[in-house]
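**Student:** Residues per chain are reported as follows:
There are 2 protein chains.
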Amino acid sequence: MKSVIVTLLGGAVLAASLSAVAQVAPEDQIKFRKAGYSYMSWNMGKIKAQVIDGAVEYNQQQVLAAATTIDAIANSGMGALYGSGTEQNVGNQTTRANPELFNNFPDVAELSGNLNQATANLVAAAQADDQGQIRAAFGQVGQACKACHDKYRMD
Amino acid sequence: MKSVIVTLLGGAVLAASLSAVAQVAPEDQIKFRKAGYSYMSWNMGKIKAQVIDGAVEYNQQQVLAAATTIDAIANSGMGALYGSGTEQNVGNQTTRANPELFNNFPDVAELSGNLNQATANLVAAAQADDQGQIRAAFGQVGQACKACHDKYRMD
Numbered sequence: 001m002k003s004v005i006v007t008l009l010g011g012a013v014l015a016a017s018l019s020a021v022a023q024v025a026p027e028d029q030i031k032f033r034k035a036g037y038s039y040m041s042w043n044m045g046k047i048k049a050q051v052i053d054g055a056v057e058y059n060q061q062q063v064l065a066a067a068t069t070i071d072a073i074a075n076s077g078m079g080a081l082y083g084s085g086t087e088q089n090v091g092n093q094t095t096r097a098n099p100e101l102f103n104n105f106p107d108v109a110e111l112s113g114n115l116n117q118a119t120a121n122l123v124a125a126a127q128a129d130d131q132g133q134i135r136a137a138f139g140q141v142g143q144a145c146k147a148c149h150d151k152y153r154m155d
Numbered sequence: 001m002k003s004v005i006v007t008l009l010g011g012a013v014l015a016a017s018l019s020a021v022a023q024v025a026p027e028d029q030i031k032f033r034k035a036g037y038s039y040m041s042w043n044m045g046k047i048k049a050q051v052i053d054g055a056v057e058y059n060q061q062q063v064l065a066a067a068t069t070i071d072a073i074a075n076s077g078m079g080a081l082y083g084s085g086t087e088q089n090v091g092n093q094t095t096r097a098n099p100e101l102f103n104n105f106p107d108v109a110e111l112s113g114n115l116n117q118a119t120a121n122l123v124a125a126a127q128a129d130d131q132g133q134i135r136a137a138f139g140q141v142g143q144a145c146k147a148c149h150d151k152y153r154m155d
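Line order of the protein sequences matches chains A and B. full-length UniProt numbering numbers the first residue of the first sequence as 1 and each following residue consecutively. full-length UniProt numbering numbers the first residue of the second sequence as 1 and each following residue consecutively.
One thing to keep in mind: the hints can contain errors.
Identical copies look the same in the list; a pair holds intra-copy or inter-copy alike.
To be verified - No more than 27 Å apart at the CA atoms, straight line, and that leaves these computed lysine-lysine pairs for DSS-like: (1) Lys48 / Lys146; (2) Lys34 / Lys146; (3) Lys151 / Lys48.
The set of hints was computed from the structure by calculation and includes no laboratory data.
This is chain A alone, in the form it adopts within the complex (with noise of 0.2 Å):
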């Protein structure tokens, strides 16, 4: 009953959005879009180095700023940059999304409702400043990102 409800929510949403923006041409959503998704991996990156490979020292207020930004741009609306004609490349920009997500909407939203549910729970663990809730919660994050991209993301 909770995935059908985050369905729907999803779904709302993402409808919503869709209206909200209309006026961004096709080859900038692609643009936008993928923008969002390089600073989330950067964002993700720095988390890992500090509480997953131990490379840089863990430093509680950079994690929480990382894990912030991963989820304001998580639930920055960014269904409303899967708009018509950005099935595929245009003018300059090369899209990895797989055409099948542009059927699959309510899919797409339910699994964007996953993480956004795990990078809530990414930020309440860098704030309780608790490194072994955000390792399992880094994870949740990556597997919710992974589970898009297995389905939705070209090679």
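Based on these hints, arrange chain B on the given structure of chain A.
**Tutor:** Here is chain B on its own, set in the frame of chain A:
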């Protein structure tokens, strides 16, 4: 006095974040910082369309999500993406950063502090659901962006 404190704090944060991500290659630093600014610009555009231009109907939740994202990115330690070797184009990445930026980190930190204050105001205005307040804060954010572009971004 306040600006001195902001400068010192900004400098400390900059130094700390520089050490925290020394492992990111210069080419990727440029890629990530451009992604961050690009994603901020999309979110600024959404607020502009809803609150300044009126091209899209105002939706508080969307404006708040956009403001939260801009604020999170502004506070994500972007200074770490201006490491040595990123003063010029690297590999596939071009940069418009003026080399003078790299000789003026305290000034950049002060400009960054101004941006952070403006983005915090924007989030507060969106939370208050007050379109007049959002317009004012949006203008402050735009001015804070422009202040840095005028000094440290090349055409």
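**Student:** Are the hints correct? Go through all of them and say.
**Tutor:** Status of each hint after checking the structure:
In this homomeric assembly, Lys48 and Lys146 come within 27 Å of each other (Cα to Cα) only inside a single copy, at 16 Å, whereas the closest approach across copies is 33 Å. When the C-alpha separation of Lys34 and Lys146 is checked against a cutoff of 27 Å, the pair qualifies both within a copy, at 16 Å, and between copies, at 24 Å. In this assembly of identical chains, Lys151 and Lys48 lie within 27 Å of each other by CA distance solely inside one copy; the values are 24 Å within and 34 Å between copies.
Checked against the numbered hints above, the structure violates none of them.
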